[in-house]
Amino acid sequence: MSDLPPENPNLSLTSSSSSLHHSYSRKQKSLGLLCTNFLALYNRHGIETIGLDDAASKLGVERRRIYDIVNVLESVGVLTKRAKNQYTWKGFSAIPAALKELQEEGAKDTFHRFYTNENVKVSDDEDDEEESSSQPLSSSQTDTSKPVSLPQSSDPSKIDNRRDKSLGLLTQNFIKLFVCSEARIISLDEAAKLLLGDAHNTSIMRTKVRRLYDIANVLSSMNLIEKTHNLDSRKPAFKWLGYNGEPTFTLSSDLMQAESKKRVFGTDLTNVSVKRSRTHESATERRIKMKQQAIADSSYNQSSDDAHESRGYEFGPFAPAAGGTYPAARLEDNSKRAFDVENLVSEYRPSYQNQVLKDLFAHYMDAWKSWYSEVTQNNPLPDTSKRH
DNA sequence: AAGTCCCGCCATGCA
DNA sequence: TGCATGGCGGGACTT
Numbered sequence: 000m001s002d003l004p005p006e007n008p009n010l011s012l013t014s015s016s017s018s019l020h021h022s023y024s025r026k027q028k029s030l031g032l033l034c035t036n037f038l039a040l041y042n043r044h045g046i047e048t049i050g051l052d053d054a055a056s057k058l059g060v061e062r063r064r065i066y067d068i069v070n071v072l073e074s075v076g077v078l079t080k081r082a083k084n085q086y087t088w089k090g091f092s093a094i095p096a097a098l099k100e101l102q103e104e105g106a107k108d109t110f111h112r113f114y115t116n117e118n119v120k121v122s123d124d125e126d127d128e129e130e131s132s133s134q135p136l137s138s139s140q141t142d143t144s145k146p147v148s149l150p151q152s153s154d155p156s157k158i159d160n161r162r163d164k165s166l167g168l169l170t171q172n173f174i175k176l177f178v179c180s181e182a183r184i185i186s187l188d189e190a191a192k193l194l195l196g197d198a199h200n201t202s203i204m205r206t207k208v209r210r211l212y213d214i215a216n217v218l219s220s221m222n223l224i225e226k227t228h229n230l231d232s233r234k235p236a237f238k239w240l241g242y243n244g245e246p247t248f249t250l251s252s253d254l255m256q257a258e259s260k261k262r263v264f265g266t267d268l269t270n271v272s273v274k275r276s277r278t279h280e281s282a283t284e285r286r287i288k289m290k291q292q293a294i295a296d297s298s299y300n301q302s303s304d305d306a307h308e309s310r311g312y313e314f315g316p317f318a319p320a321a322g323g324t325y326p327a328a329r330l331e332d333n334s335k336r337a338f339d340v341e342n343l344v345s346e347y348r349p350s351y352q353n354q355v356l357k358d359l360f361a362h363y364m365d366a367w368k369s370w371y372s373e374v375t376q377n378n379p380l381p382d383t384s385k386r387h
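FYI, numbering that gives the first Met the number 0 numbers position 44 of the first sequence as 43, with every residue one higher than the one before it.
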C-alpha cells in the first residue's frame, strides 16, 4: 500500500547526461495510456470505490497524474468524488446521462451562461456540481466565456475562481462544443479559441491548448473522441464519437506483469536522468520574457487573427448518442441543414448579449458558411429552403 | 498540514 | 527543422 511512488530514486538533476536508457519512451507514460490502464483496472464488477493512493501505487505514478484522469472521468460521470482520496466508481453506463445533461445544459445557454450583469451570481455560484442522476442542475456556473479578454478592462470582481479553470469544467465545455453544435471535428486550437472567447494572447492560448491535450488524451482512451485531421487543412484535430457502448480495456503488458508480480510498475521505466534541467534563472528569465511578450502582443483587438481561419472544424451529422435538442441531420441533406442552422440562428441570436458570444457565434456561422459553400459546390442543391 | 491541481517549461516525436 | 505533443513537478490554492 504505501509503496512509495516510483518517483525518481536518485537522480542528479543536473546534468544532462548520462546514460539515457534505451527504453525510455514517453509513450509508455502518456496520460492516455495511463488512463487506459486505470480503466482496465477499475472498470470491472465489484469495484465501487477507488482510492487515489491505491490507484497511484498500482499504476506506478504520482497522485498528480491520477488527479488528471479522475477529473475528466468525473466530468463525464464515470466517477464521483466521495471524500478525500476517495472516489465512487459509476462506470461507463453513467456516460449517456452525463452527456445528455451536458447537451441540455449547453443548449440552454449556448455553451455557457454568460452573465449579463443582472444575473451574475459570482459569489454563490454552484456548490454541488453534477450529480447527474437526480436532477439536471444546470447551473453551469460561469466558465468559458471568461470575462477576461480585455486586459485592462475593469473586472467587476475576480470571477477567477479556481474552479473556473479546472480540468473538469474545461472537459465539460470541450464536450459541449461537440454535443451542442454541429461540429464534428475540432482542432484543439479552435477549441481553445472558442472556449476562451476568442482573441487572446499566445500564452493563454498555449496553456489552454496544453490542458486540452490532457483532456483529449483521456477522452480518446475512452473512445469518446478520436484523433484525425481536418479534411482540408490537414491539421490534426479530434472527432467526436460519442458513447457507443462500453469499450474494453486491457492493461498494458508491463502493468500486467507488475500487477501479477504484486509489484509496483513504472519504477523501471521512469526517465530518471532525463529530467529536464530547469536552470532556474534561465527558466525564470524566459518566463518573464514570455510574459512581456504576451502582454505586448495581447492587444485584444487583433483584428487580424480571427475571422478567417474558420477552417477549424468540420461539420457533420450529429452524434448518435443522446438524442437531444437538435435533430440529427444527414450530411447529404443540405437543405435540411440549412434550415436547421437558420433556425438556430433566429432562435439564438437574440440571446447573444455580449461581445464574446457574438464573436463565437459569428465564428460558427463563418465556418458553417464555408462548409456549406464547399458542399454545395460538388453537390449543388436545389433550393435552400425546400427540403429536397 | 495534507490534499488538490493549475500552469507552463521544455523535451520528444514525427513529418 | 519546425511544429505537434505532452511529461513533469513547482508551487498556489483548498480543505
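Please note that the accuracy of each hint is not assured.
[As the list claims (entries may be wrong)] Simulated pairs of lysine-lysine, DSS-like, Cα-Cα distance not exceeding 30 Å:
(1) Lys99 - Lys164
(2) Lys238 - Lys107
(3) Lys80 - Lys234
(4) Lys99 - Lys89
(5) Lys26 - Lys164
(6) Lys234 - Lys89
[Unchecked claim] Computed spacing ranges between beta-carbons, pair by pair:
(7) Arg161 - Ser24: 18 to 24 Å
(8) Ala82 - Glu61: 42 to 48 Å
(9) Ala96 - Arg233: 45 to 51 Å
(10) Arg205 - Ser29: 28 to 34 Å
Simulated from the structure, these hints should not be mistaken for lab results. We treat Cβ as the ideally placed atom computed from N, Cα and C, and that holds for glycine.
Hint numbers not upheld by this structure, sorted from lowest to highest
The structure conflicts with hints 3, 6, 7, 8, 9, 10, although it agrees with all the remaining ones.
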